[in-house]
Amino acid sequence: MNSPLWIFTSLAGFGPFGEHAVNASWIAVQLVVHVGVSGMATTVTLEKCGHNVGYKGLDNCRFCPGSQCCVEGGPECIDSIIDMDTVCKRVSALGLDVTVTISKDAGRYLCDFTYYTSLYQSRGRSAFVHVPPLGKPYSAEQLGRALQAIIEEMLDVLEHSEDKINCQHEH
Numbered sequence: 000m001n002s003p004l005w006i007f008t009s010l011a012g013f014g015p016f017g018e019h020a021v022n023a024s025w026i027a028v029q030l031v032v033h034v035g036v037s038g039m040a041t042t043v044t045l046e047k048c049g050h051n052v053g054y055k056g057l058d059n060c061r062f063c064p065g066s067q068c069c070v071e072g073g074p075e076c077i078d079s080i081i082d083m084d085t086v087c088k089r090v091s092a093l094g095l096d097v098t099v100t101i102s103k104d105a106g107r108y109l110c111d112f113t114y115y116t117s118l119y120q121s122r123g124r125s126a127f128v129h130v131p132p133l134g135k136p137y138s139a140e141q142l143g144r145a146l147q148a149i150i151e152e153m154l155d156v157l158e159h160s161e162d163k164i165n166c167q168h169e170h
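Counted the way numbering that gives the first Met the number 0 counts, the sequence shown spans residues 0 to 170.
Note that these hints are calculated values from the structure, not bench results. Treat the hints loosely; a few may be bogus.
As the list claims (entries may be wrong) - Here are the simulated lysine-lysine pairs, DSSO-like style, with alpha carbons at most 30 Å apart:
no.	residue 1	residue 2
1	K88	K103
2	K103	K55
3	K88	K55
4	K55	K135
5	K135	K103
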């Protein structure tokens, strides 16, 4: 019997409203992870940052922001608070049959636009993973295992970095 290849999970937290100055649903969502395909990729690629400017190409709906940027007046680049170098090293050490690499340029297209906007809205609590097209060279099963390991490591790295931040604030 064949089992499903993918389990889709979507979590959404919402901002303050009414008498709720802090919305617990937003606090509960620790990290937003986006996954996109790159026709140029031959590895699973962890994106370190998103870029605000340089968007000139039309998307599939023939849209391109007139200002060629994500957020007018926003910073040029926003880094994820996740230490992608650590995540890459940890996942690579697991011995999966998938190569994981790091990038500082998600491409100034839909992926980078989405990533930057998410980083901006989440104050850096976002991640983006580029995967190659299916079969070039990895199967859906290989990509699924790699993505699961990557997300688990991201959450672990985030949890330990939060402990350090909280510890520093307590002294």
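Check your understanding: So which of those numbered hints doesn't the model satisfy?
Key -> Failing hint: just 3.
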